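A.B. asks: Go ahead and model the full structure; you've got the sequences and the hints to work with.
In order, the protein sequence lines correspond to chains U and Z.
Heads up: the first sequence begins at 15 in this note's numbering, then just goes up one per residue.
Heads up: the second sequence begins at 712 in this note's numbering, then just goes up one per residue.
Note that these hints are calculated values from the structure, not bench results.
A few of these clues could be false.
Said to hold, decoys possible - Every beta carbon over 10 Å from chain U, so not counted as near; a handful from chain Z, in silico:
hint, residue
1, Leu734
2, Leu882
3, Ile922
4, Ala952
5, Val986
6, Ala1014
7, Ala1017
8, Ala1056
9, Met1130
10, Ser1178
11, Arg1237
To be verified - Derived lysine to any residue pairs resembling SDA-like cross-links, with alpha carbons at most 25 Å apart:
hint, chain 1, residue 1, chain 2, residue 2
12, U, Lys238, U, Val217
13, U, Lys262, Z, Ser1178
14, U, Lys287, U, Lys238
15, U, Lys262, U, Ala144
16, U, Lys60, Z, Asp1071
17, U, Lys193, Z, Ser1178
18, U, Lys287, Z, Leu1069
19, U, Lys262, Z, Leu1069
20, U, Lys287, U, Lys60
None of these values were measured; they are calculated from a predicted model.
Heads up, the beta-carbon is just placed ideally off N, CA and C, and yes, glycines get one too.
Here are the chains, one letter per residue:
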Amino acid sequence: MSGAQLARSQPRISVGRVSPVDIVLWSLRILVLFVVFAGTIGAIVKDRYTAAQWFDFVMFGLTIGAIYAQIALGYTMVYGVLRLINFAHGDIVMCGAFAGYFVASPLDRSGFLTDHPVIGMAAILAVAVATSTGIALLTERIAYRPFRRVAGSGPLIAAIGVSFFLEQTFRGMFGSSVKSYPAPAWQRSTFEVWGFNVPRIDVLVIGLAIVFMAGLYLIVQRTKMGTAMRAVAEDAEAAALMGIDVNKVVVFTFVLGGAMAGIAGVFYAFVYKQVYFFMGFTPGIKAFGAAVLGGIGSIPGAMIGGVFLGLVESVGPSLFLDGLGIPAPYQLRDLIAFTLLIMVLIFRPNGIFGERMAKQRA
Amino acid sequence: MTAVEHGRAGAALAWRRAALVGLGFGAGALHLAAVGVLLMLHQRWIVIDTLSLGQATVLLLAGGAGAMAARDADARLARGALAGLCATLPLALLSLAMDAVTLQPIFIVLTPDLQAMLTLGMPPLLAAPALLLVGVAAGLLGAALRAIPALSRALLPGAIAVLIAGVFQELIQLMLQQYEGPVGEARDFVYTWEGLTQQGAVTVFVVVTLIAQLAGRAARGRVAAMEPARRRQIWAGIALAAIVILPAAAGSYIGQVLMLVGLYILMGIGLNLEVGLAGLLDLGFVAFFAVGAYSTALLTADAPNALMHLSYWAAMPISVLLAVCVGVLFGLPVLGVRGDYLAVATMGLGEIVRVIVLSDFGAPLLGGAQGVLHIPKPQIGSYTLSSPVALFYLTLVAAAIAAFIAWRLENSRLGRAWMALRDDEDVAQALGINLVRSKLLAYGLGAAFAGLAGSIFATMLSSVYPSSFQLLISINVLALIIVGGMGSLPGVVLGSVVLIGLPELLREFGEYRYLFYGAVLVVMMRLRPEGLWPSDVRQRELHAGDETAALDAGADLLPARE
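C.D. replies: This is the structure we're talking about:
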């Protein structure tokens, strides 16, 4: 039941009477709309940023959004199949980033990454994907499978435990310091399109993300295993009766999600140029928001939700907050993302693309 | 298949299971080694120059594997030995691997020190088999202890006493420091400044074993005859007396630790109302704690950004009130959000609070990353509550009041409304429970206790920083009520002592606390979801659940568990 529905179901004496909860929810809506519109008008009037800067914001938003989209896919697929919020998914991303770091760092030092960028990147991504997938499978086998049929908050609490366990394990093994990711010259360079400077790394991230996500979409839509996955997501018991091995499907789902998380981890680390044990938390939560925004359980929804979230959080500070005269709006970037997350959970828990999962969730 | 073949297949399965159990424990040991816990524990002697806590951990893991494997009637000892062998196998392989290649550039804790611990200074080719042998011995012992109850009754009390006397030697010595005469002589006999001596360990073992034998015979019948509830009451009484008297007797360090425990008890009671009774999984709980702390700071501090300079006693109720307001404001928008989504939404709200506090936007009022400094200590008349022990008693009083309120609430109309809400929101509403009111009261009252804890926390530290109010606090509190038992008041106390107090006493453990919490959350949810000290209602529910689950299992078509 969504917030609005609940509010509507409050006892009413006469038709048209408004409950206090309604007032709060409406003022929240109005406040957010006010910030968005007033801020935008303010930004347009002030005209502080050049077209090139706006282009940079959008470009960065698309890049980071492509990464969020990849992470969101993991949430949405696991949720679709298991009805579980895989709280540790952000940390699977971190695992991939770390694994990539331990390949990228020596490759960069020996100059290999500069001389053979394609092979180097492929090696980094392969190791990251293998690590993330392996750890995702381990978490599924050890921590999630025993909770397969448990109702209530138990599975989520276990998932929170897994998240902390992974973070602290990596912290113990590799230290708590922030490690800087190698950035070879070709990554930092830009090229010009219609007078705008486009960073190469952005194009690489967006391009590869599109390729991988298209691949994933094809796997889910065209292969036998993908069909089985969708069947389990639709109705696990009926699927089991049709002879589908549910355990196998769950494992396959974690493989796909883990692989995407590994890739996303490497990209995220390349964009922010650093890795540390807690790095997976924030993108994880944001990507979950993106998955809900797109309608959890929906694969295209997760992709679109991720890109949308990336754009909003990248353009938002300068567009909405700067226009209102708030100092150092860039610090409030996460505020915008979290507000979007909460607004979605309150007002559109079914996502913007439909109601398919609504009944199963409650 | 004949019966003999059947038996053989069953035996083979049992052997395989023993090996798997051992390997599971071994993987745990390997993990502890790789993250640095083992080496950290190795720095602490249980018995000087004889046994370190790290070595004891390896022994306990192998012994535990042995005991786990020895659950069938036949070949118990042999299976225990196999499990013990498998439990030390990963560590033995690790020591060989560390000899062959240097892993330290990647895994920062795989140092020569760890190698020295695993090999005891022996050459690795000799040390690895030796380690395995130790594993076999420990596994055998574990299996024997399980197989022969008389043996475990004879050995365990003494062994546990030695463990406690050795691990907490600093603390015990600190407490005994003030005594002269016979107590002082006994202390000097058992301890040196660096820990338990060998003669001391033997003495403690013998004395405790004797006492346990004598007292055990006398008391066993009586304890067994007691009702579980009565036994629990006695334990609770002992624990309570210890909590009240200990800090005054043991000095400021214990006072500080117990003070922290008290603060977490306060927060635990608050979150318990939300999660345990009303079933509202709130991960943004730290926000209320922060509101309490910052309000007290801004109302009392001798700092440029302070709003007022009230006395602590005037500021505390205002802080609690503000926390309640924030709690209600916090609860209002998420009224309609349910289940897992609520957890994420509240966490988002908590993060928003943190982001605002840290940003330049909130800095003029809240002081940004520097926080607010120079918060005065509370005063009673001319006496200033400045020592940790005095502040501990303040916390204790606050916790006692909170516990009383929570206890009365639990059985009140409101408490029952919360429980109905937890079990099924729709049904509760249909029964005429006002969802909005009950939920907001849960948030508000939960926030009140957290705000109170925050207020005391601020005056304890004399300063507040945003870095003290991370999501980790919410997770701490959640972990402690889950360990203690959701919805159970004594569970909150037990959870705080176990999760906050113990790691604080083993100071070097602090770094690894969250690793431990993460594991605890998973393990508790899997093995004992009702907690260590469950509330009666919850235990009944879970038992009823077991029965229906057993009935369901027959018709179970999904191969969820194998």
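A.B. asks: Flag every earlier hint the structure violates by its number, smallest first.
C.D. replies: Structure breaks hints 5, 8, 11, 12, 13, 14, 19 and 20.
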